[in-house]
Amino acid sequence: MIPELGHFTLILALAVALVQAIIPGMGLLLRRTDWMAVAKPACLLQFVLVLTAYGVLTYSFIVHDFSVLYVANTSNSELPLIYRISGVWGAHEGSLLLWLLILSGWTAILGIASKHYPVDMAAGVISVLGFISIGFLLFSLFTSNPFLRYFPAPFDGADLNPLLQDPVMAIHPPMLYMGYVGFAVPFAFAITALIQGRLDTAWARWVRPWALAAWICLTGGITLGSWWAYYELGWGGWWFWDPVENASFMPWLTGTALIHSLAVTEKRHALRNWTVLLAIICFSLSLLGTFLVRSGVITSVHAFASDPTRGVFILAFLGLVVGISLSLFAFRAWQLRTLTPFSLISREMALLSNSVLLLIIMLTVLLGTLYPLMLEALGGGKISVGSPYFSLVFIPLMIPVVILVGIGSVSRWREDTISNLSKQLRTPAILAVVFASVSLLFLPGKVSFTAWFALLLAFWVINSLFTQLKKRLRHSKNLLQDLKRTPRGWYGMILAHMGLSFTVIGIGLSSVYSQEQDVHMLKGDDRTLGEYRFELVDVEKITGPNYKADMGTIRIYKNEKELMTLHPEKRIYNVRKNIMTEASIHSNLLRDLYVSLGEQRDINTGAWSVRLYYKPFILWIWLGGFVMVLGGSLALTDKRYRTSLKQEEIKLDDNNVLAN
Amino acid sequence: MSSQIDKESRLSQKPKRLIYILPLGLFAVLMVIFFFGLGLNPRLVPSPLIGETVPAFSLPKLSNPNELIQHTVLKGEISLLNIWATWCASCKHEHPVLMKIAQSNEVQIYGLYYKDVPSQGVAWLRSYGDPYHENAVDEEGKVGIEWGAYGTPETFLIDQKGIIRYKHIGPISWNDWKTTILPMINTLRNNNDV
Numbered sequence: 002m003i004p005e006l007g008h009f010t011l012i013l014a015l016a017v018a019l020v021q022a023i024i025p026g027m028g029l030l031l032r033r034t035d036w037m038a039v040a041k042p043a044c045l046l047q048f049v050l051v052l053t054a055y056g057v058l059t060y061s062f063i064v065h066d067f068s069v070l071y072v073a074n075t076s077n078s079e080l081p082l083i084y085r086i087s088g089v090w091g092a093h094e095g096s097l098l099l100w101l102l103i104l105s106g107w108t109a110i111l112g113i114a115s116k117h118y119p120v121d122m123a124a125g126v127i128s129v130l131g132f133i134s135i136g137f138l139l140f141s142l143f144t145s146n147p148f149l150r151y152f153p154a155p156f157d158g159a160d161l162n163p164l165l166q167d168p169v170m171a172i173h174p175p176m177l178y179m180g181y182v183g184f185a186v187p188f189a190f191a192i193t194a195l196i197q198g199r200l201d202t203a204w205a206r207w208v209r210p211w212a213l214a215a216w217i218c219l220t221g222g223i224t225l226g227s228w229w230a231y232y233e234l235g236w237g238g239w240w241f242w243d244p245v246e247n248a249s250f251m252p253w254l255t256g257t258a259l260i261h262s263l264a265v266t267e268k269r270h271a272l273r274n275w276t277v278l279l280a281i282i283c284f285s286l287s288l289l290g291t292f293l294v295r296s297g298v299i300t301s302v303h304a305f306a307s308d309p310t311r312g313v314f315i316l317a318f319l320g321l322v323v324g325i326s327l328s329l330f331a332f333r334a335w336q337l338r339t340l341t342p343f344s345l346i347s348r349e350m351a352l353l354s355n356s357v358l359l360l361i362i363m364l365t366v367l368l369g370t371l372y373p374l375m376l377e378a379l380g381g382g383k384i385s386v387g388s389p390y391f392s393l394v395f396i397p398l399m400i401p402v403v404i405l406v407g408i409g410s411v412s413r414w415r416e417d418t419i420s421n422l423s424k425q426l427r428t429p430a431i432l433a434v435v436f437a438s439v440s441l442l443f444l445p446g447k448v449s450f451t452a453w454f455a456l457l458l459a460f461w462v463i464n465s466l467f468t469q470l471k472k473r474l475r476h477s478k479n480l481l482q483d484l485k486r487t488p489r490g491w492y493g494m495i496l497a498h499m500g501l502s503f504t505v506i507g508i509g510l511s512s513v514y515s516q517e518q519d520v521h522m523l524k525g526d527d528r529t530l531g532e533y534r535f536e537l538v539d540v541e542k543i544t545g546p547n548y549k550a551d552m553g554t555i556r557i558y559k560n561e562k563e564l565m566t567l568h569p570e571k572r573i574y575n576v577r578k579n580i581m582t583e584a585s586i587h588s589n590l591l592r593d594l595y596v597s598l599g600e601q602r603d604i605n606t607g608a609w610s611v612r613l614y615y616k617p618f619i620l621w622i623w624l625g626g627f628v629m630v631l632g633g634s635l636a637l638t639d640k641r642y643r644t645s646l647k648q649e650e651i652k653l654d655d656n657n658v659l660a661n
Numbered sequence: 011m012s013s014q015i016d017k018e019s020r021l022s023q024k025p026k027r028l029i030y031i032l033p034l035g036l037f038a039v040l041m042v043i044f045f046f047g048l049g050l051n052p053r054l055v056p057s058p059l060i061g062e063t064v065p066a067f068s069l070p071k072l073s074n075p076n077e078l079i080q081h082t083v084l085k086g087e088i089s090l091l092n093i094w095a096t097w098c099a100s101c102k103h104e105h106p107v108l109m110k111i112a113q114s115n116e117v118q119i120y121g122l123y124y125k126d127v128p129s130q131g132v133a134w135l136r137s138y139g140d141p142y143h144e145n146a147v148d149e150e151g152k153v154g155i156e157w158g159a160y161g162t163p164e165t166f167l168i169d170q171k172g173i174i175r176y177k178h179i180g181p182i183s184w185n186d187w188k189t190t191i192l193p194m195i196n197t198l199r200n201n202n203d204v
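Just so you know, the sequences run in chain order A and B. For the first sequence, our numbering begins at 2 and goes up steadily by one. For the second sequence, our numbering begins at 11 and goes up steadily by one.
Because the hints were derived from the structure by calculation, they are not lab data. Zero decoy hints are in this set.
In silico lysine to aspartate or glutamate, DMTMM-like type, Cα no more than 25 Å apart, as pairs:
{"hint": "1", "chain 1": "A", "residue 1": "Lys542", "chain 2": "A", "residue 2": "Glu600"}
{"hint": "2", "chain 1": "B", "residue 1": "Lys102", "chain 2": "A", "residue 2": "Glu583"}
{"hint": "3", "chain 1": "B", "residue 1": "Lys71", "chain 2": "A", "residue 2": "Asp519"}
{"hint": "4", "chain 1": "A", "residue 1": "Lys542", "chain 2": "A", "residue 2": "Glu583"}
{"hint": "5", "chain 1": "B", "residue 1": "Lys152", "chain 2": "B", "residue 2": "Glu62"}
{"hint": "6", "chain 1": "B", "residue 1": "Lys71", "chain 2": "A", "residue 2": "Glu600"}
{"hint": "7", "chain 1": "A", "residue 1": "Lys447", "chain 2": "B", "residue 2": "Glu149"}
{"hint": "8", "chain 1": "B", "residue 1": "Lys102", "chain 2": "A", "residue 2": "Glu517"}
{"hint": "9", "chain 1": "B", "residue 1": "Lys110", "chain 2": "A", "residue 2": "Glu600"}
{"hint": "10", "chain 1": "B", "residue 1": "Lys125", "chain 2": "A", "residue 2": "Glu246"}
Extracted from the complex, chain B is given alone in its bound form (with noise of 0.2 Å):
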């Protein structure tokens, strides 16, 4: 039987000329991702979750995992759900300007601790610092979905009523943090005390 498919299935080395053009086609379209990419900045994207009310989740708490903790936490006071993981490199780079919004006592940091394992993330926090009231263990990302994160970091901005205000993509800045977010959080408090 073997014999026949020898036969039969010499390669034919004559593939189509298309096929020689085809690495530079796919060169080219890299090409143009690459010159966009180095243009452009992040920015904001629109998520269809914007004024309207936070996904439920219940999830383990990072610092104790037999406690739980809700979504229920974001209503009462203005608040940021921060999604992150410790193989996310831009987190990384987030890490300090979160400390820094820490520091200044403007605003709740919550945490979604997304597709990661949690005694590493326990680990992270440790050396570089905390800056987080609270973290949630999303380990299989489901939740990560239901609030529409296709990557890592992403920052919500939840109001006093758990309405979602505003979402973040890519690491914040310093600079997103002075002229974006905070007036935003100047604002809904102002709104709050009318």
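Same shape as in the complex, but just chain A (with noise of 0.2 Å):
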């Protein structure tokens, strides 16, 4: 009975939908208020509706109502509370269902917030969201119901993935939804400005707030995914250009250049069209992300369940969704473009250079990610690109990326000169050669050009937003009321760019100077990698809640100096019998130490096929990725995203009252 009152909210959800997508969309071409006023309790009912459902759905993964195909697919007695819980998402049906969660859950937080926005502008927007809603509760409903039942109802359930019974995968999905989703909002802000033919630095302002929050959440998800392949995955690498990365990296490539570029267009009124373009491809790349891992078109260790008949009805959605938005940019961008000059050297023309190149990097990963199918459309099979193409093309395009982020942030506005520039800049290469160098020095390992280079770009960047700081102080006369007064966005911003040149630092220095060694070793056995020995000391068996295991005990040792001792596991779990390797970290700044535990080779000597790992600065990329979250979220609370329009027009008032 309680499945079904799942399924039923689902169709009233889809009722409600329909009527937030057409009566305010409507009131904004006929210009009835009185219809656009419908947007704001018809998408908070549809949150409520959906929240119910996906309520519903959780609630048989905790009771363990097997009798629903889903919950039989994707759990089991023996799991564990908290991936019941995570395991909602753990398939195609209900990550789907979480996909409309977070998307009604957006909407409305957007109808709460509408009082920022003049009406109409709120009407447009929540109606597109609605539209879209549609779309993917017809989609849930019909090809991916996940209420349906299944008689009679086994015994009990084929389990979770072992892969995702882990505490970052149960939050990792959720936060790179919120980012995918997020982006509808800027997205839904982009087609209204485009109907209605209001495209200003106000609407600017309004988006901004939202396309960073969707931009906070894909970079922790993304940073999060990426620390989990490290650890879980059991082979020290960190990204391996799967297509389901990618299909999540490309929105945040151009997500990126959203921000800047939005940023632009508040401040300078420029590069207005340049905005709503990107705002239209960071979403439709979200939907192809949706397309790409659903559909089953791209083989992958990600996608969990693929169905052509999804796959058709996801490109049709697409197809009209990106169809009908670009049309409206070709015909409408044209009319609304305007000439707001600015220089070749100057702010605006870093900014726009580099969100330029983001988008081509985007179009390399995604001619890399698309290019088997475009063989296979072509008459060829399936095959996989792969890393060697992406690091070709990813770091050298990346480079220019870095090196701008220092121009741009030293640059003024609308104009400035060579001259001025390379004065300002001198001092920060400069200096970033020296740091880099004397660094270098005190790195263990033989001199890498590449390490010196990664190091280069990092200490540019840092460096070129100490010389932003120094210019902005520098007629001060009061010091700590200046930096007071700064604005929190400022501060989000120059944590961000930290956080990048973390993660370069990362990058770099890890991939130079990592040891591995894949050895075989008896109880007793140990091996040295850099200044670092391991001593196997037992394998013994032990057993889990969902699982058995063996379980390795190797002592690390420094200098002859016991460090720490170290416990990787070779899991089997009871129901799919799958087979997992649970390696054994330790990290600090400097340098992690990774052991993974493989099969026993030979039973008779218990010999033990052991993986080693030290792997210096790898954790700064991750580090990275968090520091450049905490900048986001620092910008996100400037106080000047929270002025509602009633006190922009109360100050206006004001202006006015003392201009009379």
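Given two chains presented individually in distinct reference frames, assemble the corresponding complex, making use of the accompanying hints.
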């Protein structure tokens, strides 16, 4: 009975979504405010309904209702409670419901905050989001209903994929989805602006916090996912250029371009059409990601569920949404174009170049992801392009992006001169060379150009940020007060760029200085890796809540002093009989020691295959990601995003009074 | 000098109308590709190598980099040469099928480990199982080019005389094995007996 309730609320949600999409939308076109007023209650009701459906599915997981097909396929009576809750999005049907929940959640927040925007703008945005919701509700109800029953109910469930039985995996997908789906809001703003013909600096200020919030979630989600891959997959790698990883990375690239382009539009009224296009592309890539992951056109370790009818549905939806948006762009943006001049040497130009570069990088990633598919469409077979292609094109394109971050952050708006720029950038450049060279001396291992260059780029960014700080406080009389008065958005920007340089350091140094050994070890054997000596003390059998495992005990010594003991495991999950490698890692800012247990090679002698890794500075890759999230969040709390429309009007009135 | 540049270089923000339509055009092309991508299945692509003797190579073995493996091992018995790498997601899908083929003892599978780091391949085989009789390490991908590989996985069927008989692009499914490759192997075997 309870699952049917979920099914029923989902159908109701579809009806409400139709109202939410059509009535305010018509109101916008016919200029009727009473119709527009439907937007807010409709989107709130829709959120409550989707939340109820979601709650029902979660309940079915918690109480082990295996008569629900989806629960039977993704859960098991031995599954711990936390993974029963996160298991809701462990496969296709549930993750689609999560998609819907997050979409209606963002829309509801927008509905509550709608007093900050003009009535017609808010109605338009909520209407567009309603149309997207209709598409996904239809998709869910017709091709991927999570509430389908299965008679007779199986005695027990097939269990959650063990790869997903991990605390980080419990938060990574919702975070990623919040980012993906979050870009629907800037998209809806862009479409409304195109329809209304209102594309001004106020519009950019309204969109900025939404784009930023989505970007923060996506950055956090990608960082967590990469970290998870590092410790859970047991390969010591942290990015695989897997189609699903690319699906989340592409909107991140354009999302990064979008938040920068929005800044230009708000501050300088320039690049307006470019901003709109980026907002459309960003959300299109989110939809494309859903299509790629869910349709099975590209085989991937991530695609837990794939089904061609679903593919056709998403493809049609994708074509409809993106096709209409880009047609609208083709005709309206042309009419809305204006001329806001800026010089070839200016901050606008630096930001524009960077967003163009990010778009090009996105296109190369897209090409690499789709190349196998295109080849297939042209008569080839399914093949993978893989990391050789991506490392070949990604790194050379990313280097100018990082260099431009430094140039952009010190150049002036509208117009700057080469002589002025070179005067300002001389010190950071020289210092970057000095810092990079000096830090190289303190690093263990051979002198490497790659490591030096990565450090150079990182210090270049950090130094230029300090130059900007200095420039800001140039005329300051009261340092403390001026620092206090500096808006949080600015500090957030500084922090996020710091994060970028940390990630550059992490990638550069860990890829150059990592060492690994893949060895057979008997109990009592030891191996040396850099300054560290690893000794295999013991391997014993242990039993977990839903798995059995061999657990190794490996003691690590440095200069013959015992440092720590690590316990890597080789697990066999009871239900699916999957074998999982649980690596054991000791991390600090300087290095990771990473141990994973392979198979027992020889039962007679008791030799185990063991992988040992020494990975310096690898933690910085994710540290950088989290610092970016922190910076973004700080910028999000900036006061000016919270001024409501009324306050703005009051301010305007005050000004008028003063003027009079 | 810079002030001159400024005057001349005011960016005219009046791009041609066509530029505004460009995104739509690109997207239309993508949609066509997706549409065909959904409908099509992996299928045979004619390879110029079919009917030819195997291209020569001499590469280090994955199991022991100090020993070399040569194309001559492909002569004498019917064998499969599978091009793979750890960065290849489709190879991960194909791997269980290769394991089953190896267990069936119908044919020997050789691997060409393509554009990848040897230690990762060793670790992969240790974790997932090793269906290969022997693996040749083609770290730079030069031999792969000789063989006409344009991605992974690709698999060649080679007869007793070392002549390439068939090329399969993309992961081999159990169905491909049962309906296409195994019958070809049986035919080759019978022809040889006669």
